[in-house]
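**Student:** Here are the chains, one letter per residue:
There are 2 protein chains.
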Amino acid sequence: MRTIGIDLGGTNASAVVLDDERTIGHAKRKTPADGGRDDVVAMLAKVARDALDDADLDATETVAVGVGTPGIVVGSTVGNASNVPGFDERFDLGAALEEALELPIRLVNDVTAAAVGEHRLGGGVGVDDLLAVFVGTGVGGGLVLRGEPYEGAHGGAGEFGHLVIRPGGAACPGGRRGGGAAYAGGRAMEQAAERARVAGTPTVLFEVMEEKGKQRATSGVFKTALERGDELVADLIDDAIEALGAGIASAVNLLDLDLVVIGGGLADKLGAQFLDRVDAAARPHLFRSPPAVEFVAATLGDDGGAVGAALLAREVA
Amino acid sequence: MRTIGIDLGGTNASAVVLDDERTIGHAKRKTPADGGRDDVVAMLAKVARDALDDADLDATETVAVGVGTPGIVVGSTVGNASNVPGFDERFDLGAALEEALELPIRLVNDVTAAAVGEHRLGGGVGVDDLLAVFVGTGVGGGLVLRGEPYEGAHGGAGEFGHLVIRPGGAACPGGRRGGGAAYAGGRAMEQAAERARVAGTPTVLFEVMEEKGKQRATSGVFKTALERGDELVADLIDDAIEALGAGIASAVNLLDLDLVVIGGGLADKLGAQFLDRVDAAARPHLFRSPPAVEFVAATLGDDGGAVGAALLAREVA
Numbered sequence: 001m002r003t004i005g006i007d008l009g010g011t012n013a014s015a016v017v018l019d020d021e022r023t024i025g026h027a028k029r030k031t032p033a034d035g036g037r038d039d040v041v042a043m044l045a046k047v048a049r050d051a052l053d054d055a056d057l058d059a060t061e062t063v064a065v066g067v068g069t070p071g072i073v074v075g076s077t078v079g080n081a082s083n084v085p086g087f088d089e090r091f092d093l094g095a096a097l098e099e100a101l102e103l104p105i106r107l108v109n110d111v112t113a114a115a116v117g118e119h120r121l122g123g124g125v126g127v128d129d130l131l132a133v134f135v136g137t138g139v140g141g142g143l144v145l146r147g148e149p150y151e152g153a154h155g156g157a158g159e160f161g162h163l164v165i166r167p168g169g170a171a172c173p174g175g176r177r178g179g180g181a182a183y184a185g186g187r188a189m190e191q192a193a194e195r196a197r198v199a200g201t202p203t204v205l206f207e208v209m210e211e212k213g214k215q216r217a218t219s220g221v222f223k224t225a226l227e228r229g230d231e232l233v234a235d236l237i238d239d240a241i242e243a244l245g246a247g248i249a250s251a252v253n254l255l256d257l258d259l260v261v262i263g264g265g266l267a268d269k270l271g272a273q274f275l276d277r278v279d280a281a282a283r284p285h286l287f288r289s290p291p292a293v294e295f296v297a298a299t300l301g302d303d304g305g306a307v308g309a310a311l312l313a314r315e316v317a
Numbered sequence: 001m002r003t004i005g006i007d008l009g010g011t012n013a014s015a016v017v018l019d020d021e022r023t024i025g026h027a028k029r030k031t032p033a034d035g036g037r038d039d040v041v042a043m044l045a046k047v048a049r050d051a052l053d054d055a056d057l058d059a060t061e062t063v064a065v066g067v068g069t070p071g072i073v074v075g076s077t078v079g080n081a082s083n084v085p086g087f088d089e090r091f092d093l094g095a096a097l098e099e100a101l102e103l104p105i106r107l108v109n110d111v112t113a114a115a116v117g118e119h120r121l122g123g124g125v126g127v128d129d130l131l132a133v134f135v136g137t138g139v140g141g142g143l144v145l146r147g148e149p150y151e152g153a154h155g156g157a158g159e160f161g162h163l164v165i166r167p168g169g170a171a172c173p174g175g176r177r178g179g180g181a182a183y184a185g186g187r188a189m190e191q192a193a194e195r196a197r198v199a200g201t202p203t204v205l206f207e208v209m210e211e212k213g214k215q216r217a218t219s220g221v222f223k224t225a226l227e228r229g230d231e232l233v234a235d236l237i238d239d240a241i242e243a244l245g246a247g248i249a250s251a252v253n254l255l256d257l258d259l260v261v262i263g264g265g266l267a268d269k270l271g272a273q274f275l276d277r278v279d280a281a282a283r284p285h286l287f288r289s290p291p292a293v294e295f296v297a298a299t300l301g302d303d304g305g306a307v308g309a310a311l312l313a314r315e316v317a
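In order, the protein sequence lines correspond to chains A and B. For what it's worth, our numbering labels the leading residue of the first sequence as 1, then goes sequentially. For what it's worth, our numbering labels the leading residue of the second sequence as 1, then goes sequentially.
It is worth saying that the hints were derived from the structure and are not from the lab. Since we're looking at a predicted model, the values are computed, not measured. For every residue, glycine included, the Cβ atom is placed at its ideal position computed from N, Cα and C. Warning: the hint list may mix true and false statements.
Said to hold, decoys possible - Now the in silico label distances, taken between C-beta atoms and shown as ranges:
(1) A:E89 <-> B:R22: 47 to 55 Å
(2) A:G200 <-> B:N83: 52 to 60 Å
(3) A:R22 <-> B:S289: 40 to 48 Å
(4) A:E89 <-> B:K28: 50 to 58 Å
(5) A:K30 <-> B:N83: 55 to 63 Å
(6) B:E315 <-> A:M1: 48 to 56 Å
(7) B:A317 <-> A:R90: 42 to 50 Å
(8) A:F206 <-> B:N83: 27 to 35 Å
(9) B:R314 <-> A:E89: 41 to 49 Å
(10) A:D238 <-> B:H154: 28 to 36 Å
(11) A:T77 <-> B:A234: 40 to 48 Å
(12) B:P291 <-> A:A59: 39 to 47 Å
(13) B:A317 <-> A:D128: 20 to 28 Å
From just these sequences and the hints, can you work out the full model?
**Tutor:** Quick look at the structure:
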């Protein structure tokens, strides 16, 4: 069966054409930085057609489209996504895209899509119950339970970045205090580094950003600063690992999971050592002894979300 | 359909006969304090027959038996339950009881059984995704997801008492640090009160225990101490509520639940005020705004586990 999968992000959207288990077409476009939801819908239709072109197919040769989107998905609608123009307020993205592409649409949260990709074709093949954690600009979590994506009662499951780790602790980007994302996401780590710099703590982080011509502390910027022996960055990453370990252990204890898949920009850049350290940070908090859960790296990289969305599209074909 | 449900606890076992949605027979027996697993199996068979007698039925007039047991259930086996003689090591309780009662057996974790009881006939009727939290001697959690009990990859789901709330914080009974049970269970609260007394903090808790002729600080003992204005007990309950609120919020954020059902001895004794305070303690940590989750009291009381087990028995009838 041949389906299209799209992964919509705040910066880029990527699309794949999936033929059974093989990716036969690829495309990427910039997400409009301003404008409205119509501009985003038009871009999504274009990136899908680009991927079809790349596969030398037209739309009639595929059966459905899956779309992974930030925010909270309910049926064919999405809302609560502040990083995509016009996606803050709930609207019927499924209907709009179905009209543009003349194919049935399956909408899903982007992180849940990536979890499904890893579950069926990536690091999580063969298990029924997993948590996929993606550590990049923020921290996202997606659940597969009993072999199926678990989207929650109102489409908001997997908010792993908001597990309460330290009541009254550091502030999260969202304004609550003590959530895991407060420690573990790139944006929060950059903000913490900025506060430390203002307070006089030496760090090369902002020099590295400038050298690399980046506006933001990307995963690559953190990696380089770490390689140069930056103690502040090493401390921030230690804190991130501690928070991730505690949060993951809570999820594993609550759900008795088979597997934790770790991916995302920062995890990919820091490699096996990052995975091993998160694993080690989680162990002391695990209830089961010996622990019945394993930790593995995500294997689909940036394609995971689009591949997972393409797999879920089969449900509506 | 007519089934038997048994709820095995460390102190007592209770049994019901369930006829559709009606409980038509009741029985209760002491769990053997010593001896081995054979004594426990014999007692379980007896309490089931007592409930049949109470309903004026014999075993051939029912179709199956559900058993909620402490520990980790895998298929028809149970293990890891240190509070029942012989249940520490894994064994085939289902087969042993099937031989004794000549009826098919459905084994399930006791707290999951209670969650199912509340979901189908108690405070959680009509929702698909709920967490039931029982606060008594310890803290137990049971999950119903997509309308079905969620037992986890290895039968150990719902370990709500082991959500990591404060890394490096107070010790849990199980030896890990910072789990919710460290603050919220009656046994842990009694231990904390004992430490405080040794350190010179005034408290009437132990006098109340003696007055009531109790060996342990039961839920009733805590309630009376609180009514007498005991500040230490008030502080311990404040801490328990804070820990429960944070832990529940983490579960709600991760799973996007419809409903949280609160029950157990301490919750029942302290009444609506306890429920309202746990609800209020969870709110600041919830990711969804406005929160999409509701908090309600468990309504089946001590019968919840046996009723849930009887309902699950229908699966094997």
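**Student:** For B:E315 and A:M1, compare the CB-CB distance with the range 48 to 56 Å and indicate the outcome.
**Tutor:** violated, 33 Å
**Student:** Between A:D238 and B:H154, does the beta-carbon spacing fit 28 to 36 Å?
**Tutor:** holds, 31 Å
**Student:** Against the range 41 to 49 Å, how does the distance between the Cβ atoms of B:R314 and A:E89 compare: consistent or not?
**Tutor:** holds, 45 Å
**Student:** Take the C-beta atom of B:P291 and the C-beta atom of A:A59, compute their distance, and say whether it sits inside 39 to 47 Å.
**Tutor:** Check passed, 41 Å falls within 39 to 47 Å.
**Student:** Should the hint that A:F206 and B:N83 are 27 to 35 Å apart at their CB atoms be regarded as holding?
**Tutor:** violated, 56 Å
**Student:** Mind checking the hinted window 55 to 63 Å against the Cβ distance between A:K30 and B:N83?
**Tutor:** For B:N83 against A:K30, whose Cβ atoms are near 60 Å apart, the range 55 to 63 Å holds.
**Student:** In this structure, is the beta-carbon distance linking A:E89 and B:R22 contained in 47 to 55 Å?
**Tutor:** Hint holds: Cβ distance 48 Å, inside 47 to 55 Å.
**Student:** Does the beta carbon distance between A:T77 and B:A234 stay inside 40 to 48 Å, or does it fall outside?
**Tutor:** About 46 Å separates the Cβ atoms of A:T77 and B:A234, which means 40 to 48 Å holds.
**Student:** Could you tell me whether the CB distance from A:E89 to B:K28 stays inside 50 to 58 Å?
**Tutor:** holds, 56 Å
**Student:** Against the range 52 to 60 Å, how does the distance between the Cβ atoms of A:G200 and B:N83 compare: consistent or not?
**Tutor:** With a Cβ separation near 55 Å, A:G200 and B:N83 satisfy 52 to 60 Å, so the hint holds.
**Student:** For A:R22 and B:S289, compare the CB-CB distance with the range 40 to 48 Å and indicate the outcome.
**Tutor:** holds, 42 Å
**Student:** Between B:A317 and A:R90, does the beta-carbon spacing fit 42 to 50 Å?
**Tutor:** holds, 44 Å
In the structure shown, a violation is registered for the earlier hints numbered 6, 8, in ascending order.
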